[in-house]
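Construct the entire structure; sequences and hints are all you get.
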Amino acid sequence: MSIDRRSDQPPGSTLSPESSSLDAPYSLLAPYEPSELETVARLLLQDRPVRVVAGAWWSYYPERGEVSYPATLLTEWPARRSLGALCHEIAEVLFSGSAAVPIFEQFIGWAIARGCELRTAELLLNAINDLRVNRLYLEQFPGSRPYFLELYREATLIQKNDFDQRQIERQVLPHHVFIDAVTDRWSAALAHDAPRTVSDDRVRRAVSRCWPSIARAVACQELAALAEIVQSEVFPAYLELVSASREAVRRATAAETEPEESTRPETPSESEGEDDLIADDLTSLVRGSPIDDEPPVSWVILPDADASQSEADDQEEKSSAPPPVVPVDGTPLPKPEKSRWTGGIIQKFRRLGHRGRSTPAYEDFNYVEAVRRLGPQIDALLNGTDGREGLIAILNRRRFGTFDPWRRPRRWRKGDSGEVDPDHAENLVISPATAFLKGRRQPRDDSQKDFAHVILLDVSGSVVQRGYRSRKFDQLIDTMVVFCEIHERLKIPYELIAFSDRFNVLRSFDECRFENLQIDPTSAYVPKDLSYLVQEMYQAEHAETQETPCLDRAIVDLGEPRGMKTIFMVTDGISSDRLALTERLLEIERHNQVVPRNERLMLLAFGVGLAEDEFKASYQPEIDGQPIPCSTGQLVRTVESLPMIVCDSVDRRIRTA
Amino acid sequence: MMSPEGVPVATTAAPRQFGPLVAVEDDNFLVDGQHYPRRRYSTHAALMPVRRSPDPPSWDGQLLHLPDPAELQRGVPDAAEVFSYLTPSMVRVLRRIADVDTAVSHRGFILLVGPTGCGKTTMAKTYCHLANQPCTELSFSGDTALSDFYTSVELIQDGRLEQSTLTVPGPAVEAMLRGQKLLLNEINMLPPDLLNVFSQAMDTGRLVLSGTERGNVEIEVHGEFGLIGTANPNYVGTLDMGRAIERRFGRGLGFIEMDFLPPDEESVAIEYEFAAERLFAQLGIRVETGICRRMADLAADLRKDPQIGNVMQSRLSTRTLVHWLGLAQITGRPLVDVLNRALLSTVPPDARERAVAQARDALGDARLAEGASAKLGPFRVAWPAVRSGDAVPVDTAKPPRRFLDAASASSHRSAIHRVRFVRALPDGGKILVAEPLYADGVDGVSRFGLGVRIRAYDATGRQIVDPDRLEDMTRLLRDQDGLNVPGPLGRQVRPRELLPCLTSHVVEALELVEAALLLGRPVFVAGPTGAGKSSLARTLAFLRRRPVVEIGFTGETAKTDLSAVRRLIGGATRWQTQAFLEALAAGDLVIANEYNLAYPDVHSLLNGLFDKGARLALPDGRVYRLHPAARVVATGYLDGPGVKPLNEGVENRFGAIVGLSYPPIADEVAVLRFVAPSAHLGTIDRCVRLVDYCRRLVAGKTDPATLAGLSRASQEALRQAARRAALSTAELVAIARAGGGPDFAERLRLGILDGAPENVRRTLEPVLLQYGLAGE
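Just so you know, the protein sequences line up as chains A and B, in that order.
Using numbering that gives the first Met the number 0, read the first sequence as starting at 0 and increasing by one per residue.
Using numbering that gives the first Met the number 0, read the second sequence as starting at 0 and increasing by one per residue.
Quick caveat, the hints were computed from the structure, so don't treat them as lab data.
Where a beta carbon is used, it is the ideal one built from N, C-alpha and C, also for glycine.
Careful, some of the hints might be misleading.
As the list claims (entries may be wrong) - Straight-line distance between alpha carbons at most 27 angstroms, and here's what the computed BS3-like set of lysine-lysine pairs gives:
{"id": "1", "chain 1": "B", "residue 1": "Lys700", "chain 2": "B", "residue 2": "Lys374"}
{"id": "2", "chain 1": "A", "residue 1": "Lys527", "chain 2": "A", "residue 2": "Lys490"}
{"id": "3", "chain 1": "A", "residue 1": "Lys527", "chain 2": "B", "residue 2": "Lys303"}
{"id": "4", "chain 1": "B", "residue 1": "Lys700", "chain 2": "A", "residue 2": "Lys527"}
{"id": "5", "chain 1": "A", "residue 1": "Lys490", "chain 2": "B", "residue 2": "Lys700"}
{"id": "6", "chain 1": "A", "residue 1": "Lys490", "chain 2": "B", "residue 2": "Lys374"}
{"id": "7", "chain 1": "A", "residue 1": "Lys527", "chain 2": "A", "residue 2": "Lys471"}
{"id": "8", "chain 1": "B", "residue 1": "Lys374", "chain 2": "B", "residue 2": "Lys397"}
{"id": "9", "chain 1": "A", "residue 1": "Lys615", "chain 2": "A", "residue 2": "Lys471"}
Claimed, not checked - Rough simulated footprint, nothing fancy, chain B against chain A, three-plus residues with beta-carbon under 8 angstroms:
{"id": "10", "stretch": "222-235"}
{"id": "11", "stretch": "510-521"}
{"id": "12", "stretch": "524-533"}
{"id": "13", "stretch": "552-561"}
In structure tokens, the structure reads:
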């Protein structure tokens, strides 16, 4: 379809789903799936900032930077026709673009002043501009001709819904016939066929008279030049046909409605109400719906609109419908409804929105500086200290079966096959049995490559209060910095969630994708500036410690990544709903009983502060006098001891998985 | 040198100042006001042999074969291997070394620890030079074994051809016996359990060896023996040395931590180092003090940057600053441009961006003196000025008019040519086939055949010298007569092995690579597969008329592939150098393909070859020196299966790390048009755009916002399609060449879709069909 400055009705059945008779490659015989069509579109659009989204009909929305396609109809269309329609929309992107909007507005304003309805004027310019962009696209991509032929063989993408035609369903309006005839004449020329005969004399005459001008307009490079020609040479004839259409509608409406007006006075309002209902449904369900009459901006910044809501609203919405925990029988969890936007982008919108709102206490937090300050602890954790292996060594061994993947394996094993040991060639004579080297490495049975961690950070009122410096919060921040750094360095996918009585995903799995599992050397690692995490934590609402909804979210998010999954909880241990927490831990434990050992979920809690009894009671509950295996708690008295405690816990977790 | 009384005297080095604080006199050297003695060498002339009847033939005395002590002096590092100027901070380190080495109680065991490129090895050699001490340099790699440097068990044959084994001392034991300084580079590459082999010598001054020619023996370590180790802690492939080893060096004594010089000193140091570079010294080119200071200040700022400092520490060393100046002087390019293109190519993108921005603030568009660059012109290839989007033939670049180094040794190897065959040609001409016979170096008489030489004559009896015709004849002999035998290392590059043409993108890379080679430094060309890395190196070798040896590295590449291997020959073990080392010793240009597929701890073996002095001690005591004309161009892909990170020390020794990505679209189109002139321009342009987009998709370099709205299924489908269509430049060139051009899009479509899964075909085929062919 052409440029869409507003919403359109869904199409009628003007296009038949018959498949093409043209020679199609085998791969193009079956209709396209939406994902396939979106892929083709992206390969054609490449870097252009235009998104292709499912909608009700083929449309291009320049101000939104969107092309919509009818996902529901796609399966009924042959692949080539879908491609033809897609090519046309991309032609609009390439050769109309957002620069077309003011030209359209100018033309429509001019036409309205001459007694033409807005949509009717737009229809004319759209129809002729469609042919121009098609021509330009064909010049640039000559191989697309079969797709255009298939598209226009029996149909047109133009939707003629400028008039209320509910009362004249069987009657075709003259100006619509004109539009169809113009399109048909162009497509017939493309196919080297004769155009179809137009039965309406008025229309036939108008087309004959206007065609040379239309052909010149179609040959224009620029839309502005096309609009000028249409304005001066085509519009007058079109306006005459529009008048005829108007008269036909008036007559038909009068004939249909007069007898019923007295008996059913409420009908129009009921009908309107019904329309509103449909519109609401479609607005919420379908992107690109022609019924949507919201300003374009509401589409473009859908996530931003989300972000612009207060955080409290956001949290309320999430906490009001907490995701369910993993069922005991191991069936997969239903996915929460997600917008097509990634968490990362949403977060970025939020970050932008939140900057500059906090008090100065933690506003100026410098993450990179903190990384430097905590460097010794991080280094100890990663590289180990005297007599103690660091996480890099532990993980490298589990992932690659070797302590140091960057050293060539020394070949110690001797055997009776393999290559000659170049270090001891004399063994060929002295000790032939040991002169040959066998394999180099033995794979570990307990190899574990993938891990996924969620880190839950308690920002409740017992940890931090806005406007005050807090020792616990300082420790929490340091803990978070250490966590982030080791995960970034070790390339372990992680998610950060801050929680109080509501939770906020600070950094999602989408934001930490790693190309490979090979841990980069220190000299190739650049810490990211994650200062915003602290600012967001500080600006969050600091209320009660309701960890269960947050825990539920973590469990759901851990459903997707592969590997061994662990939840780290950093809290002061004063749970506001310990019963619910214990209940959730029991559910995790029950779930763990029915999954393989290396897929079991575990919660490692680190207690910041001194409420040891509370902390133990919350995270190491006992059942029948036995502690729950899926949860352990460690008290962190000072941040200096954190690396050792974390290393112990992670090490134990990896070893016992 | 001996006095008339036979008393040993110090050899007089030319009086030389090393800055205001260091000077060398005849028999001592002065460091910061403190005098230290220089070693003196006597000869056997002082020992008067006793006249007596010779021993029976079956007796074998050790004292009859004493090496001449004066020979040791040849092991003293020469002036070209040491610092020419010592700043106050350097002097402080030097003085500590001198104090420890001359202290009677500590036995002179020194460990220099610090970041790569801060001058540890050169400092050790400078000390040896000043102290007139011979130095044996060993570079360790991760798979270095004791048999490489300490003792090895060798098989020998006696006069009756009976085999027996014995323990043979390696260079380390020789150094202990004869009193040399043992310079151990990358000491922490060696596993601590092997490093412990020095402990006994360090603790007791004595050494016990078992199973030698004379049974189990004890050696008293020579009083002049000293051990100087260098280590870069926590670098890729290194190991923790262990507290025990560190303690033996003694904190506050021989354990010396070095760091980069303060900017005011570093600027002076790099100014002197620049001037001492052979090429610049020969032409009297110096660099402005002000520029050096600005660069040193910038380097200091970048090294201490809280976010990127750790990355910059190993990338922007003092050594790198000298390379930077050299590259900028030779190419005439702005300093910041050189930094970005040739020094920070392997740095993570965000760090690189930040560093370059800071450099731009500090240096603007400063260049080094244009006049000096012009003086260097005759040493360089005359590169054509190619505009973006143009492609010109390789022969538009003209070879240098002057060469810094003599031709490689391999071209002067003597051989006797034996004519073996005559082959008649259909046109009446003939080919003479000769076999070069080389001396095997064992008895001076034996020779072996290696390779083929042909001489051809036309029907009139005139010799054919056209290289293309001769190559055709070689092919004829190989294909029809089966005449294909191994040849010697080092070949002249043939035109069909070169880049198809020159574009602005590739000329820029060639200029930088050439500049690093002119500095006598190895070069690393980093880029994706099929971007033309090896072809670029060959093109440069072709234009500079250098013989080439190409070696492919793998994950199995070991120290023995890069240095020497012990072979069992005729019942006895013998060390033989490998092709890599032989090519370097012969002065060839070695192209080391996929350099970083080898483990980083293996590369470190070569560090000694890339340092000043450029030598490598073999386990049998021989020292290989790099031929002055020898050069290494390493190529590698920075990310991909099997790729390892480069060890920081290794990386820092490269004179330039030039990123060679796929060409910009305009240049790639120009290349394809060059090889297939009849291809439709629009078609090529569209195809290249698609391929370029797919490459960026695969590499994750597209704007994520354009993919954000895609469903997971779409993203996966897109990724699969992109992987299929992300062809390399080499593949595109091959496709363009294959059909000559008119059917380029069709061949490309077949190339991409042939064997592709159905889901990939369904998304790529309609796109490729559109690019096609209806328009041609």
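Comparing the hints with the structure gives:
1. B:Lys700 / B:Lys374: violated, 41 angstroms
2. A:Lys527 / A:Lys490: Status holds; Cα separation ~13 angstroms.
3. A:Lys527 / B:Lys303: OK: Lys527 (chain A) and Lys303 (chain B) at ~17 angstroms, within 27 angstroms.
4. B:Lys700 / A:Lys527: Roughly 18 angstroms separates the two Cα atoms, so the pair holds.
5. A:Lys490 / B:Lys700: holds, 19 angstroms
6. A:Lys490 / B:Lys374: With Cα atoms ~50 angstroms apart, Lys490 (chain A) and Lys374 (chain B) exceed 27 angstroms; violated.
7. A:Lys527 / A:Lys471: Roughly 24 angstroms between the alpha carbons, so the hint for Lys527 (chain A) and Lys471 (chain A) holds.
8. B:Lys374 / B:Lys397: holds, 17 angstroms
9. A:Lys615 / A:Lys471: holds, 18 angstroms
10. 222-235: violated (count 0)
11. 510-521: holds (count 6)
12. 524-533: Result for this restraint: holds, n = 4.
13. 552-561: The restraint on the stretch 552-561 of chain A is violated, since only 0 of its residues have a Cβ under 8 angstroms from chain B and three are required.
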